[in-house]
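Chains A and B, in that order, give the protein sequences.
Residue numbering for the first sequence follows my numbering, starting at 4 and increasing by one per position.
Residue numbering for the second sequence follows my numbering, starting at 58 and increasing by one per position.
Hints are supplied without guarantee of correctness; some may be wrong.
25 Å max Cα-Cα, derived DMTMM-like pairs, lysine to aspartate or glutamate [said to hold, decoys possible]:
{"no.": "1", "chain 1": "A", "residue 1": "66", "chain 2": "B", "residue 2": "145"}
{"no.": "2", "chain 1": "B", "residue 1": "95", "chain 2": "A", "residue 2": "46"}
{"no.": "3", "chain 1": "A", "residue 1": "40", "chain 2": "A", "residue 2": "59"}
{"no.": "4", "chain 1": "A", "residue 1": "73", "chain 2": "B", "residue 2": "142"}
{"no.": "5", "chain 1": "B", "residue 1": "110", "chain 2": "A", "residue 2": "46"}
{"no.": "6", "chain 1": "A", "residue 1": "88", "chain 2": "A", "residue 2": "42"}
Rather than coming from a laboratory, the hints here were simulated on the basis of the structure.
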Amino acid sequence: MLGAFRASHVNQGGLLWKTPWKLSTTRKANARARLKKVDAVIEAVRASGVQCGSLERALELPKEHEMPAKDKYTVFTPHTVGYRKGIHKVPKWTRITQRTNPKGF
Amino acid sequence: MTACLCRPALSLRLTNLRLISTPPSGVEHDPADNTHYKITLRRSAISLGDQKKGTLAALGLHRRNQTVFHLHTPDIAGKIIALKELLEVQNVPARDVRTKREQRVERRAPKGYEIVGSRMGYGGFELLSP
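Make the full structure from the sequences, and use the hints.
What follows is the structure, encoded as C-alpha cells:
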C-alpha cells in the first residue's frame with residue numbers, strides 16, 4: 004500500500020476535508036463567544052422596553068451561562084446511539100440558534 | 058458631610074440641590090434617554106434563506122459592518138430578534154443617531170495638518186475670477 008499509486012480517499016474521488024467527531028477547545032470557545040453575543044442582542048432589545056411576542060420567545064431561551072456543556076456543543080439527533088451529535092455537523096450552525104432539546108431528550 | 062452636621066436644615070437643601078444639578082459621574086447617559094437601536098450587521102445572511110435576507114433589507118442593511126439606526130418599536134424589535142445571530146445591537150439616545158454620510162465623516166482619519174491660509178488666496182480662485 005505504499006508508493007505513488009496507493010489507494011487513498013482523495014485519488015479515489017473521496018472527501019479530502021473530513022469533519023472531526025468533536026469540537027476542539029478553540030472552536031468551543033468561539034461557539035461560547037457567539038452564544039454570548041446573541042445573549043447580548045436579546046438583552047439589548049429587552050432593555051429597550053419594547054414588548055413583542057418574538058422577544059418573549061427569545062427570553063425563554065437559556066442563556067449561555069445557564070446551558071449545560073451538552074447543549075452548547077452537541078445537538079439531538081434521532082439517528083445515532085445516544086441521540087446526540089456534534090453541533091458543528093448542523094449546517095450553518097454558527098448562524099442559527101439551537102439551544103433546546105426535544106421534550107424528553 | 059461636615060457641613061451637613063453643622064447646619065442640618067440648610068445643608069440638606071443644598072445637598073438635594075447638588076444631587077439634582079450634577080449629573081452622575083461615570084455614566085455616559087441615562088438609559089431612560091435611549092430611543093433608538095444602533096444595529097450593525099456582523100454576519101452575512103448568505104444561504105440563510107430569502108426570509109432572513111428580506112428582513113435585513115427591511116432594516117436597511119445591505120452589507121456587513123453596516124450600521125443603521127431605528128426607533129424603539131415592536132416591529133423593529135421583532136426584526137432584530139429574527140436576525141439576532143447576525144446583528145450587534147446597542148440602545149442609544151436620539152442625539153447619537155447618525156446618517157450614513159455623518160458616519161463616514163466621523164470615520165475619516167484626521168489629515169494631520171490644518172490650512173491656516175494661502176498667499177494665493179483660497180486655491181487661487183481670485184486669479185481665475187475676472
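Status of each hint after checking the structure:
1. With a C-alpha separation of about 17 Å, the suggested pair residue 66 (chain A) and residue 145 (chain B) falls inside the 25 Å cut-off, and the hint holds.
2. Under the criterion of a C-alpha separation no larger than 25 Å, the hint pairing residue 95 (chain B) with residue 46 (chain A) is consistent with the structure, at around 14 Å.
3. Restraint check for residue 40 (chain A) and residue 59 (chain A): satisfied, since their Cα atoms lie roughly 18 Å apart, inside the 25 Å limit.
4. Taking the CA atoms of residue 73 (chain A) and residue 142 (chain B), the gap is near 20 Å; set against the 25 Å cutoff, the hint holds.
5. Our distance criterion of 25 Å between C-alpha atoms is met by residue 110 (chain B) and residue 46 (chain A), whose separation comes to about 23 Å.
6. With a C-alpha separation of about 24 Å, the suggested pairing of residue 88 (chain A) with residue 42 (chain A) holds against the 25 Å cut-off.
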